[in-house]
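Okay, here's what each chain looks like letter by letter:
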Amino acid sequence: MAPAAPPIVVVDAVTKRFGKGPQATIALDHVSAEIRPGQITGLVGPDGAGKTTLLRLIAGLLKPNEGKITVLGQDSVTAVTTVQHDIGYMPQRFGLYEDLTVAENLDLYADMHELDGTVRQERFASLLAFTALTPFVERLAGKLSGGMKQKLGLACALLSRPKLLLLDEPSAGVDPASRRELWRIVRTMAGEGVAVIWSTAYLDEAERCDSFLLFANGRLLASGSPTDFSRRVDGRTFLITVPPGHKHRVQRRAAADPAIADAIIQGERIRIVLNDGATLPDAAVLGGTGLPQPVRPRFEDAFVSLLHGRTAPRSSPAVPEESTSTAVTDGAAIEAHDLTRDFGAFRAVDNVTFTVAPGEVFGLLGPNGAGKSTTFRMLCGLLEPSAGSARVAGVDLGTARAAARERIGYMSQRFSLYGELSVRDNLDFFSGVYGLSSTRRRQRIDWALESFELGPVARQTSGSLPLGFKQRLALSCALLHEPRVLFLDEPTSGVDPLMRREFWARIGALAEQRVTVLVTSHFMDEAEYCDRLAIVYGGRMIAMGSPDDLKRRFVSDTLPDPTLEDAFVALIETQGTKAAP
Amino acid sequence: MRRTRLLGLLRKEFLQIIRDPSSIAIALVMPIVLLVLIGYGVSLDARGVTFGVVDESRSVESAGFFEAFATTPYFKPTDFVDSRQAEAALMRGDIMGFAVLRSNFSRELASPGHAVRIAIVVNGVDANNARIVSGYAQGAVAVWANGRRAERALVAPGAVTLENRYWFNPEIRSTNFIVPGLIALIMTMIGALLTALVVAREWERGTMEAMMVSPASMAEIIVGKLAAYFVLGMGSLAVSMGLAIFLFQVPFRGSPAALIGISAVFLVVALAMGLLISTVARNQFVAAQLAFLVTFMPALILSGLLFDIESTPVWVRAITFIFPARYYVSCLQTLFLAGTVHEILLPNVLILAVFAAVLLAAAIARTRRSLE
Chain A
147 MAPAAPPIVV VDAVTKRFGK GPQATIALDH VSAEIRPGQI TGLVGPDGAG KTTLLRLIAG
207 LLKPNEGKIT VLGQDSVTAV TTVQHDIGYM PQRFGLYEDL TVAENLDLYA DMHELDGTVR
267 QERFASLLAF TALTPFVERL AGKLSGGMKQ KLGLACALLS RPKLLLLDEP SAGVDPASRR
327 ELWRIVRTMA GEGVAVIWST AYLDEAERCD SFLLFANGRL LASGSPTDFS RRVDGRTFLI
387 TVPPGHKHRV QRRAAADPAI ADAIIQGERI RIVLNDGATL PDAAVLGGTG LPQPVRPRFE
447 DAFVSLLHGR TAPRSSPAVP EESTSTAVTD GAAIEAHDLT RDFGAFRAVD NVTFTVAPGE
507 VFGLLGPNGA GKSTTFRMLC GLLEPSAGSA RVAGVDLGTA RAAARERIGY MSQRFSLYGE
567 LSVRDNLDFF SGVYGLSSTR RRQRIDWALE SFELGPVARQ TSGSLPLGFK QRLALSCALL
627 HEPRVLFLDE PTSGVDPLMR REFWARIGAL AEQRVTVLVT SHFMDEAEYC DRLAIVYGGR
687 MIAMGSPDDL KRRFVSDTLP DPTLEDAFVA LIETQGTKAA P
Chain B
27 MRRTRLLGLL RKEFLQIIRD PSSIAIALVM PIVLLVLIGY GVSLDARGVT FGVVDESRSV
87 ESAGFFEAFA TTPYFKPTDF VDSRQAEAAL MRGDIMGFAV LRSNFSRELA SPGHAVRIAI
147 VVNGVDANNA RIVSGYAQGA VAVWANGRRA ERALVAPGAV TLENRYWFNP EIRSTNFIVP
207 GLIALIMTMI GALLTALVVA REWERGTMEA MMVSPASMAE IIVGKLAAYF VLGMGSLAVS
267 MGLAIFLFQV PFRGSPAALI GISAVFLVVA LAMGLLISTV ARNQFVAAQL AFLVTFMPAL
327 ILSGLLFDIE STPVWVRAIT FIFPARYYVS CLQTLFLAGT VHEILLPNVL ILAVFAAVLL
387 AAAIARTRRS LE
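These protein sequence lines are chains A and B, in that order. Under the numbering used here, the first residue of the first sequence is numbered 147, with each subsequent residue one higher. Under the numbering used here, the first residue of the second sequence is numbered 27, with each subsequent residue one higher.
It is worth saying that the hints were derived from the structure and are not from the lab. Some clues are possibly wrong.
To be verified - Only part of the chain B face toward chain A is listed, based on derived beta-carbon distances under 8 Å:
#1 R28
#2 L33
#3 K38
#4 Q42
#5 R45
#6 R231
#7 T233
#8 E235
#9 M238
#10 P241
#11 A242
#12 E398
What the hints assert, rightly or not - Not close to chain B: a few residues of chain A, all C-beta gaps over 12 Å, as computed:
#13 A159
#14 G219
#15 A275
#16 R330
#17 A405
#18 D422
#19 T501
#20 R523
#21 T545
#22 A548
#23 R551
Claimed, not checked - Far from chain B, by Cβ distances over 12 Å, these chain A residues were calculated:
#24 D374
#25 D496
#26 A533
#27 Q559
We treat Cβ as the ideally placed atom computed from N, Cα and C, and that holds for glycine.
This is chain B alone, in the form it adopts within the complex:
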């Protein structure tokens, strides 16, 4: 490694990054767009769900029930007199579901020992969403029932009250775990996709060949390239962190040093993957396709970013182990929501480090031979 050569190569890479609008777009604009789009767009929470309350009894008690739905942030209740109207509204998609209070609602409430029946109907097309909505509706009903009991000081002796505590994400905001996961996606994009593209371009234009014949060693060429895109990747990490913490208000409970260290290791993994892809695909089109298939898609669907790995079938879970993004997503979610939990972070970082070493060695070996 010679300083002059390395600095020369680094300067070249940065000049190219600055002059090529597509690098800037991928490194800086893309993270912002991805975070804003997915961060706001893909929310797995029920919030402000339109919900009908069919009130056939028209009583003070039923009005109190309606209030219980109106006061939670999760529902926007609409009042219906007739269940047929509510059904029609559900059909049209105006409401996600409805509760039915029959005409004898207040009478049943008044007679002790008589169970009050409340029907809850939920649009079940999106099963996941339906479960969430029905859960929240039951919650709202429970809140209302507790309130009534407290009012009348009629707590039955020995009655069990369930108190849920959601650890690490007490508000159960899905943003809190999606946004950290997205950072893994962004780092994959910059590390793998951008690197694969720029190296493929060097092959296409014959500049790689020219560099290889110059006294610069393969190691210098690769280090120069990786260092530049490493800096770019860490830059977008900073941008993404800023957005996550200040725009999305995701709590960050871990240590910044751990975050930077782990991200650095993952970035090397992604860069090595990009380099490896560029040795297989020597033109930008194939490189982009491969990078999407081999790095971006797994990082999106098989990393635990959107879908919980633990709830997938065993064979799918087995596949996720070969994609490095999974380990990084797990670290990120831990660092953001739980803190610096060494028991989780250490094994994951070790695995990432092994990935980094193996992929980098393979990439260097292949680049050297890739003219053959």
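Chain A extracted, bound-state conformation:
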């Protein structure tokens, strides 16, 4: 890596607006950046930050309103055709034709680049070997697993030997093992001098990049080397040990402490980031035990500390003071016993058994297609199991589905709100659906507006609200009927870290009131908030335990401090190939 290499992409004060006049949204606001060859540059930020817009501008799919972009010495607007010859672009969802086979997809891209005879065969052979797709050339792309699709998409983008490779959220929803393989492939490409731009909402991926551009709301917040960025909070990150069962309380206290910029639950401990120049508060005052242990800072620590400095610190969300806590059920809140579900010849869920205690936050962790959603739907009573049984809040789903549903709150990934209705109308509608009496309905709506701070936007249409408000509204709708069990489907994928913290603080408060929470996620960070996890892969549960438990199982000399992802990958490897789809 030659640091003096001239940039391959120069983004110069680019502004991009969508729409016209006062309604225009600013997708990118005076962004300047440089991309160098032989490096992986991470475009990092939550959904709606402007990552895809920047990639499309560089690829010549969009024209900037102001400023200019130079790619390989050429203007991205006037020389768009020349520029596109040297670009490999993988859009979200990989840009594959699902009803064509692997070979046919490659052929199509080869035709587009006019590769002939021998060159074409050589490149096919090397890329197929490189991506380990050779045995699958005759398979339809739509029938590949998420990880294989991703590799095929990459192979198609690499066919022309591009000098610049643009990858739009290449790792979203694929399993950690495939994600690592993708990194290995892309790393090799960068080693050969290709400039790679990798957009991601996962902050841990930013750490693996050579340089990063961090976006929020269309603005470039920070850029440079991720190591340097993390170093900003050097000596300010600690782990506090907490007595069992107190993590939510300690986390809340820590988050409210003026000396602390960030406090999150990490397994059974609390991770804190101190404000610049602040002195470390006594762990005992916060409710922890022993001395806070200094830890190596992460990208996310620096990011949150940066955001914290810019936005006024939010008061931690009000804990809903409710009587729910007294309703203690005996035994388990959720019991799944040998749950199995077949779709035709395909077994989506295979003999899954677990129990969740009241007040526990339980996670189902696994890549897309692992069987999480199917398990989830069976537990909500949306899908009949092919075999096995499930009890939720003491009610058998096989015999008393309606009674079970009254005790369940459900929040889906897409929030299931009526975008055309106002916030209050949505609350009114959902309270009607749950059959609340008119007095209780009024009480609960007032409670929702107040404790979720939705009062000021009560009259706005929910579709026009920012993501964070939508998320709060969706959660409050799911809680109107005071359910004992709350189901959350990928609740915080793609949201910014502050919103994720706020969301989990609320969930923590609910758990303390003994509301049971079941979360599905493919997001390793989200899993850290859970008390216990089940890791699902290929329809089967391959491990279960607390996050710390799972990590501890894979401590080795080479990996003294494994992450959940390390644990996940190791688990999949020990499973061998039999679980692979």
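Using the hints provided, position chain B relative to the given structure of chain A.
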């Protein structure tokens, strides 16, 4: 335009068409279903109409009258003795109408200079149908009266006989003009609906974006897409023509070359509309709805396929001019029933060609900008 790229894109489109059962269904099964359903189901003819003859006179003459109804293919007469029975049958819907011959029927016939009165009652709920039935009934009566006059060689001097000639469609079969019109509907479906759907799918799945970043030009991508669906559309034209001529026995009097040429122009119009729709609606659901509203419905009701444009109010007629299907339906009906009449075909084709050019240009311009 590069050959390798164009061929690659074409191959991709055909592979997708073959692998996607819904394209085949829309392109090949749909025309057959539409033609058979509407071709057989929507017949505007009166044929085998159930009709009552109330014969109160019970005479040889009245029997002859009944025969006159029985021998035309248009009526299936039933004999009633009492008009009340016939009324009841009409109420039940067993008969569409009835004629009443009073008890003095043969006496009146015999007395010269005396007008014979025959009452005809028709179910008028469906006004259009009622007019047709009453017209046919009058026709049957006229045939019977002429027959009697000829028998008795009593043609009054100077009496005027009316002889109707239905040009172009002498049998007045509505199938003959509905089926050609349906071909326009089918071409609209394939051109606009199918194209809008498949392009919207490419946007949904992100493949359009990937193609746009590849060295393939917008023109190549669009030509590849249009060419594939053009071939599919012409294929269904052939299927529809086969059905029209061999199954429905619709005469075809024009030149096949003119038909193919005009259909090709119309297909380009429909394809361009589909492409344009897909740039507005980037998901398949909205695309299907828009295509139905903007192309299919006007082609069905405002093209002269089912309802005669000339008999609609002026403002409705004004609206029909903005829908291309109208010009194509008019060409098709001319080609099938009248022949290659240049005076009708040429202006229509010219207008279609203008539509094709304008819509195609708009579609290409919009597709290029549609990520914005």
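Of the hints stated earlier, which fail here? none
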